[in-house]
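Protein chains: 2
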Amino acid sequence: MKKVAIAGATGAVGRQMLECIRERNLPVEVKLLASARSKGKVIDGLVVEELTPDSFQGVDYVLGACENDVTKRWMPWAQEAGCVVVDNSSAFRLDDNVPLVVPEINADDIDHHNGIIANPNCSTIIALVGCDALKKEFGLKRMIVTTMQAVSGAGVKGIADLENQVKGEDVPFQAFPYQIAYNLIPQIGDFDEFGISKEEWKMQNEGRKIWHEPELLVNCTCVRVPVMRSHSESITLECETEVDVARAREVLKQAAGVQLKDDPQNRVYPMPLDTTDQDDVFVGRIRKDLTDPEGKTLQVFVCGDQIRKGAATNAVQILEKLLEKAE
Amino acid sequence: MKKVAIAGATGAVGRQMLECIRERNLPVEVKLLASARSKGKVIDGLVVEELTPDSFQGVDYVLGACENDVTKRWMPWAQEAGCVVVDNSSAFRLDDNVPLVVPEINADDIDHHNGIIANPNCSTIIALVGCDALKKEFGLKRMIVTTMQAVSGAGVKGIADLENQVKGEDVPFQAFPYQIAYNLIPQIGDFDEFGISKEEWKMQNEGRKIWHEPELLVNCTCVRVPVMRSHSESITLECETEVDVARAREVLKQAAGVQLKDDPQNRVYPMPLDTTDQDDVFVGRIRKDLTDPEGKTLQVFVCGDQIRKGAATNAVQILEKLLEKAE
Numbered sequence: 001m002k003k004v005a006i007a008g009a010t011g012a013v014g015r016q017m018l019e020c021i022r023e024r025n026l027p028v029e030v031k032l033l034a035s036a037r038s039k040g041k042v043i044d045g046l047v048v049e050e051l052t053p054d055s056f057q058g059v060d061y062v063l064g065a066c067e068n069d070v071t072k073r074w075m076p077w078a079q080e081a082g083c084v085v086v087d088n089s090s091a092f093r094l095d096d097n098v099p100l101v102v103p104e105i106n107a108d109d110i111d112h113h114n115g116i117i118a119n120p121n122c123s124t125i126i127a128l129v130g131c132d133a134l135k136k137e138f139g140l141k142r143m144i145v146t147t148m149q150a151v152s153g154a155g156v157k158g159i160a161d162l163e164n165q166v167k168g169e170d171v172p173f174q175a176f177p178y179q180i181a182y183n184l185i186p187q188i189g190d191f192d193e194f195g196i197s198k199e200e201w202k203m204q205n206e207g208r209k210i211w212h213e214p215e216l217l218v219n220c221t222c223v224r225v226p227v228m229r230s231h232s233e234s235i236t237l238e239c240e241t242e243v244d245v246a247r248a249r250e251v252l253k254q255a256a257g258v259q260l261k262d263d264p265q266n267r268v269y270p271m272p273l274d275t276t277d278q279d280d281v282f283v284g285r286i287r288k289d290l291t292d293p294e295g296k297t298l299q300v301f302v303c304g305d306q307i308r309k310g311a312a313t314n315a316v317q318i319l320e321k322l323l324e325k326a327e
Numbered sequence: 001m002k003k004v005a006i007a008g009a010t011g012a013v014g015r016q017m018l019e020c021i022r023e024r025n026l027p028v029e030v031k032l033l034a035s036a037r038s039k040g041k042v043i044d045g046l047v048v049e050e051l052t053p054d055s056f057q058g059v060d061y062v063l064g065a066c067e068n069d070v071t072k073r074w075m076p077w078a079q080e081a082g083c084v085v086v087d088n089s090s091a092f093r094l095d096d097n098v099p100l101v102v103p104e105i106n107a108d109d110i111d112h113h114n115g116i117i118a119n120p121n122c123s124t125i126i127a128l129v130g131c132d133a134l135k136k137e138f139g140l141k142r143m144i145v146t147t148m149q150a151v152s153g154a155g156v157k158g159i160a161d162l163e164n165q166v167k168g169e170d171v172p173f174q175a176f177p178y179q180i181a182y183n184l185i186p187q188i189g190d191f192d193e194f195g196i197s198k199e200e201w202k203m204q205n206e207g208r209k210i211w212h213e214p215e216l217l218v219n220c221t222c223v224r225v226p227v228m229r230s231h232s233e234s235i236t237l238e239c240e241t242e243v244d245v246a247r248a249r250e251v252l253k254q255a256a257g258v259q260l261k262d263d264p265q266n267r268v269y270p271m272p273l274d275t276t277d278q279d280d281v282f283v284g285r286i287r288k289d290l291t292d293p294e295g296k297t298l299q300v301f302v303c304g305d306q307i308r309k310g311a312a313t314n315a316v317q318i319l320e321k322l323l324e325k326a327e
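Which chain is which? The protein sequence lines are A and B, in order.
In terms of the UniProt record's numbering, the first sequence opens at residue 1 and continues consecutively.
In terms of the UniProt record's numbering, the second sequence opens at residue 1 and continues consecutively.
Hints are all accurate, no fakes.
Straight-line Cα separation of at most 30 Å, DSS-like style, residue types lysine-lysine; simulated pairs:
(1) A:Lys288 with B:Lys296
(2) A:Lys198 with B:Lys288
(3) B:Lys288 with A:Lys288
(4) B:Lys321 with B:Lys3
(5) B:Lys296 with A:Lys136
It is worth saying that the hints were derived from the structure and are not from the lab.
Go ahead and model the full structure; you've got the sequences and the hints to work with.
Rendered as structure tokens:
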């Protein structure tokens, strides 16, 4: 039986990775790794071990759920042990030697790995899964996106901030610079000289790589919202051909990983509470942008669970593909 | 001393209108009107009277803060009594005989009233005040807007829903079809055959009238968010000329009703909690849209208090202009 280690097993994403492996009955033996602080913790019947240079001996696959700096520290140990790593940090995503994979879109890229496969940014995965069938149908030149991102994107500390603040508890903020309860914060990540944040660049940079579209343009605004764990995205799609709403619904109905939720007259549309703890991305509010005289612009609203499809589920799907190929 | 009646004085907007009149020390005598149910209630030292056909006798100005159907019922009574009405409902906004006014933008339109002046939609006021100086500087052809609207937009019932749900109280929803706590609802108003909601049409329809720009194009997505009383808007501005961020900041610094909050490196940007109970609209996250090869597109983030500048403050500013003209 193949042996899988989860590095960063005590975080929100790490815990979800274990849950996803169990739900899917993957025939693997799992080892949980985390910092010394978490050593001995028991998660779902497994004892957490301290991540050391020897942790990866005898391990076949690693699911990485650590911050960039921590990931960069243990990655050489995993590589030396011959593991294949599916890494959720952003440290290696744009590395030419590292495939960046959303299995519904570019599973074939997995074949070209050199020991590391990167899991994309959560908002990017959710947007791309929601829009991939539309891109195939109408072509896609440019996206204008406003993300409304859940606090879980900042990990368990983000969730704690929102919970504490709603309860009115006077404790220091752990994840966000400002109160997030009853508020919105239009900053996720640091800003560059153009006034664009790191998170805002990811959808263009990672989208180009995943879709193999080096010319794709994405104007992105990222906003943190007081929602627990699902991201929502309001997306304008400038396409190559004229768009058609009925056809858009048809292709989305067939799309892997997507649930069409688009009957606004009957109050059917995607909402982050409904995608919470769901693997699928919900797409709805599909309409033609009447302000484009050429009729080539489509407007959609997309929601997806940031911890599941935006992180853990996607990584475990990649692991699943690796296991299939290894058979 | 001129006599002012507030119709719908017990709602969130009506109460704020009284507060704004008092803050500004307007030299008027105020009368509070509401439905029979609220008769006898005391608000800020004034006893609420029942709104009847005789209520407007001897009244000079009416501030309307009622729903459309209620407004249509009492409007003939106010007109027969010779009152000038500043009305916050949407019933008369697009009527050719009714000026639709944001005092910072088109105060001169007040002169052409025939007894009714309409107060625009809250999101429209906030967007237009935030963007007017940019429009003057760069010209404006098209806006792509995602609004994130506070629960107060649905009145006191909207606020009650969020408060009850956060407390975990198992009471029926009063304002929204779904839970709004920890959720987003991409519906405000009913949808038409294009899948566009009434609220989403308002920014184009009202924006054209206020700005005297019959060709203005607005693609709008309206989302309800778990914020108490300030709306936020992520706005893409397609301009007529090349845009310049430094110049944008300069003109916004001079703009009436605007506070520039744009130093993202130092975590200065507009947030709805900061505009709560403020009359000014905050503008920030100003950047050039690098995905427009012509360099004519600007991206901004705008917040404003929906009950104040989005409704009561704007109406009371119009009243103030009327009083000045009557001197």
